[in-house]
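Enquirer: Residue numbers (the numbering used here), protein chains in the order written: chain A, 1 to 216; chain B, 1 to 421.
Hints are computed from structural coordinates only; laboratory data are not their basis. Glycine included, every Cβ here is placed at the ideal spot set by N, Cα and C. Hints are supplied without guarantee of correctness; some may be wrong.
[Claimed, not checked] Listed below are several chain B residues computed to face chain A (Cβ distance under 10 Å; list not exhaustive):
#	residue
1	L131
2	D151
3	A308
Take a look at the letters that make up each chain.
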Amino acid sequence: MTADIRTDTDTDTDANTDTDTAPGKTAWRILFVVLVVVALVFVGTSLRKYVAPSTDATASNEAAAAVDSSCLPGRQVTILDFPHVSLSDAKSVEYNSNPPTSGAHYGAALAPGIYGEYLAPGLTVHAMEHGRVIIHYRPDTPAATVKDLERIARSFARDTVLHPNPELDTQFALTAWGRIDTFDTYDHDRVVEFVDRLRNRYNHKSTIRPDECAVG
Amino acid sequence: MASPTDDTVVDAELRSALVLLTLARDGEDFIVGRSDLGRFVAVPEPGAILIEALRSGAPLAVATAQATQAAGEEVDALDFLTGLRGAGLLDAPDDAQAVAATGARMGWVDRIPQAALRPLFGRSAWTFYVLCGIAAGVIFVVRPDVRPIFDDIWFLGDPIWSMLALFAISIAITFGHECWHWLAGRALGVTPRFRVSRRGAFIVFESDLSPLVTLPRRARYSPLLAGYAFDTVLLAAALGLRLAYREELLGVSPGVDRLLGAIVFRQLVVLVWQMSGVAFRSDTYAVLANSLGCHNLYRATTLTVRRAIWRLDADEADELAAIGPKDRAAANWFWVVYITGAVFMIWALFEYMIPFTYGMLAWIVPNILSLATDEFVFWQSSALVVLLVAQFAVVPFIARREGRQERDLRQRGVRAAIDAE
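Can you build the whole structure from these sequences, using the hints too?
Expert: Set out below in C-alpha cells:
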C-alpha cells in the first residue's frame, strides 16, 4: 500500500520510459497532423460560405434564363439581390412583386408550417430562399377555404408556409423563389400543383430540383 | 515508518470517521468513499481489510497484520491512513470545501421513497424506453418529412422570441434529463449531487453520480442511461404528436406543431451530442467506462494521447503510472472512440449549429448596428447578446474553479474513483 491511494500495486512505469525518439512517436505525430489538417480544410471549406456570402442576384438570373421553365406553374419574376437586413432597414426595401419572391430579408429564417398571423416579407423571403413555398390568403377568405389550404399545408408540411396576408392585391397568392401565381377564385389543384412543382426547387444558389420542361 | 503497535493514532475520532466510509468491491479493487461528501477512491484489497478491521474495533497492530497477510508483504498502515485523510475521506460531515467541489446534494430526491421510484426504472420501464427509441428511429426512416431542419428553431413569427422561448424550454428539458438521472439513482438508494460545470466552452448542468461506485457495475447502467431514457421518450412523444397532427388524428394548434418541431430538433442535437461527445465525458462516456471496468478512463486516455503525440512532464507521467492497468490498457485504443465521436459532433455542428448561429447573428447584429433605439427589436437583440455573452463569460470562472479543485485533489494524492459525471 502506498500513501497515494491507488488501485494497482505493480511497478509498471511505462509512462516514464518513453522518449521523444521512440519509433512509434513519429507515426503518431504524423497521424495527428493529418487529422488536424483534414479537420481544418473541412472547417475552412464549410465556413467559407458564411464568411463572405454572395448576395448578388446576377448569377441566379443567368441560371434562371438558361433553363426552360415555361412548363412550371405561375410566372417567373426577376430575382433581386438578397442581402440580410435589419428590421429598421427592411422598412425601406422595395420588392418587384406583391408578395415578393426574392430580395433583401432578415438573417433569421422561419420554420415551415401554418401561421395564424401575418408574416413580414423579411421572413417569408428567407423561407423561400430555403426552398419553401409560401401560400398567402387574404384575412377575409372563407373559413372552409382556409381549412382546405391548411390541409394542403399539412400534406406538404416541411415545404410550405401558410399565412394570412392583408397586403395582397388578389385573394390568393403563391410564391416560391423567383416565381409567383396570383388569383381570386380558389382552385385547390392549382395550389397543389404550384407547391408540388416548386417546393425545394431553390435552396440558396443551388437548383436542387432541375426543371423538367426541356426533357423529352 | 510508524510502529504498527502505535495505537494512539487510531483514536476514537478516527474510528468514528472510518465508520462513515462506504466500502464496496469493484472487480479486484475496493471503492472507499463518503456518500455525504460525494468523494470516492479505489484502494487495493489490503486497504479495505485494514479499514474493516479498524472499524470493527481491532487494534492497529491486529488490523495491520491482517492487511499484511492479504498483501503478502509488509504494509504501512499509518501511511495509508494519512492518504485517506489527505483524500478528504476522514473530514467532518458536510465539509464546506467538499460540497463546493462536488455540487449541491439533491435533498428532495432523498425524501422520495425508493419503492415509489422502482417502477420507473424496472424491466418494463426500460422496455418502454427502448421501444420509444425504436419508434423514433422508425419514424425518421419512413417519414422524412418529420426529420428536423435547423429552420425549425424559428418556430415563432418573431426570431428572438423563438430563441428565448427555446432557451427556456431547453433549460426545463435539461432539468428533466438530470432529474431522471437522480431519480434512477435514488431508486437504487444512491444520493446524487448537482452542479453547474462546463464542457469546453459550453456551460452544462451536471449530475455527479460518483456514489454509484458503491453499487455493482451492472446496477449502475440504469442511472447512467436514465438521461438517455428521458430524452428518447420526449423525442418519440414529440415525433408521434407531430405525426398525429399531420395525419389529422390530433386537433392541436399549428403553433403546437411548430413548437414540437423545435423540440424534435433540440432533442436530436442533444442525443447526437450525448452519443458522440465521448471526449467531453457525455453520458455515453460514463456507460463505456463502466462497461470497460475503468475508474479514470478520461484522464488515462488524455495522458496516453498526449504522451503519444508530445510528452508528459514528471507529474503527468507519475499520474499515468498511478492509474489502474485496466484504464491504461483501454486508453491505448479508446482515442479511436474519441475521434469517431468528434467526427459526428463536427457533422452536427455544420448541419445544425452553425447555420442556426449564423442565422441568429445575421439577425441580431444588423439590428444592433442600425442603432434604431426606438425599435423594440434593437433592445430585444441587445438583451440576447448580453444573455449569450454572459453564458460564455462564466465559463472561464468555472474552468478556474474546477482547475483549482483538480490540482488540490492531485496534490492530495486523490484520483477519481469513477467516471460517472
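Enquirer: Next, verify each hint and record whether it holds.
Expert: Each hint, compared with the structure:
1. With a cut of 10 Å, the hint placing L131 (chain B) at the interface with chain A is violated, because the nearest CB-to-CB distance is about 25 Å.
2. About 5 Å separates the beta-carbon of D151 (chain B) from the nearest beta-carbon of chain A, less than 10 Å, and the hint is met.
3. Interface hint status for A308 (chain B): upheld, as the beta-carbon distance to the closest one in chain A is roughly 4 Å, under 10 Å.
Violated hint for the displayed structure: number 1, the only one.
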